[in-house]
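Asker: Using my numbering, the letters of the sequence shown map in sequence onto residues 17 to 157.
Bear in mind the hints are in silico, worked out from the structure with no lab data behind them. By construction, the Cβ of each residue, glycine as well, lies at the ideal position given by its N, Cα and C atoms. Each hint should be verified, as a subset may be incorrect.
[Unchecked claim] With a straight-line cut-off of 30 Å between C-alpha atoms, the simulated DSS-like cross-links for lysine-lysine are: (1) K121 / K65; (2) K22 / K50; (3) K99 / K121; (4) K99 / K81; (5) K139 / K99; (6) K22 / K151; (7) K151 / K66; (8) K65 / K50; (9) K81 / K121; (10) K22 / K65; (11) K122 / K154; (12) K65 / K122.
[Claimed, not checked] Quick list of simulated restraints, FRET-style, between CB atoms: (13) T89 / E26: 35 to 45 Å; (14) K151 / L98: 20 to 30 Å; (15) M129 / K37: 18 to 28 Å; (16) G83 / D60: 15 to 25 Å; (17) C155 / G59: 37 to 47 Å; (18) C155 / T24: 39 to 49 Å; (19) V120 / G83: 21 to 31 Å; (20) A80 / E153: 21 to 31 Å; (21) D140 / E26: 31 to 41 Å; (22) T41 / R119: 34 to 44 Å.
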Amino acid sequence: LRGDPKETPEMLREKAAATAKALETYDFVFLHVKATDNAGHDGDFEGKKKAIENVDREIIPALAKTGACLVITGDHSTPCSLKRHSGDEVPVLLHGPGMRRDRVKKFDEMSCMEGGLGHIDGKDVMPIILDLLGKAEKCGS
17 LRGDPKETPE MLREKAAATA KALETYDFVF LHVKATDNAG HDGDFEGKKK AIENVDREII
77 PALAKTGACL VITGDHSTPC SLKRHSGDEV PVLLHGPGMR RDRVKKFDEM SCMEGGLGHI
137 DGKDVMPIIL DLLGKAEKCG S
């Protein structure tokens, strides 16, 4: 589901409902939130914080109820201090039935590096997700 630069809480609720509906048919649904990236480009720390809080309030609880595996991450970082994309690491959170737990209590770059996934390259995220879902192709003998 496509991101919109002016995402309101109501739009996020609609996205969450559409995603939950799509999960009835599909094994994987990608929901994109654009507001966090736009706030980073604008250098708007408070706007970025509010966009993240809106996701936490409107999307996460609704989708956690579905029993699906949730993957919360970004495709790149956009620090407000730089107002552009950067090579900084992005945190990854996996939540759902059968997921391994670690001791991380905060969802930020530094805390997530201490988590069960440690430091991973972006190209390795999808294979890890597929493996945790039991959908990875067998490799080797």
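Asker: Output the numbers, in ascending order, of every earlier hint that fails for this structure.
Answerer: 4, 6, 7, 11, 13, 14, 15 and 16
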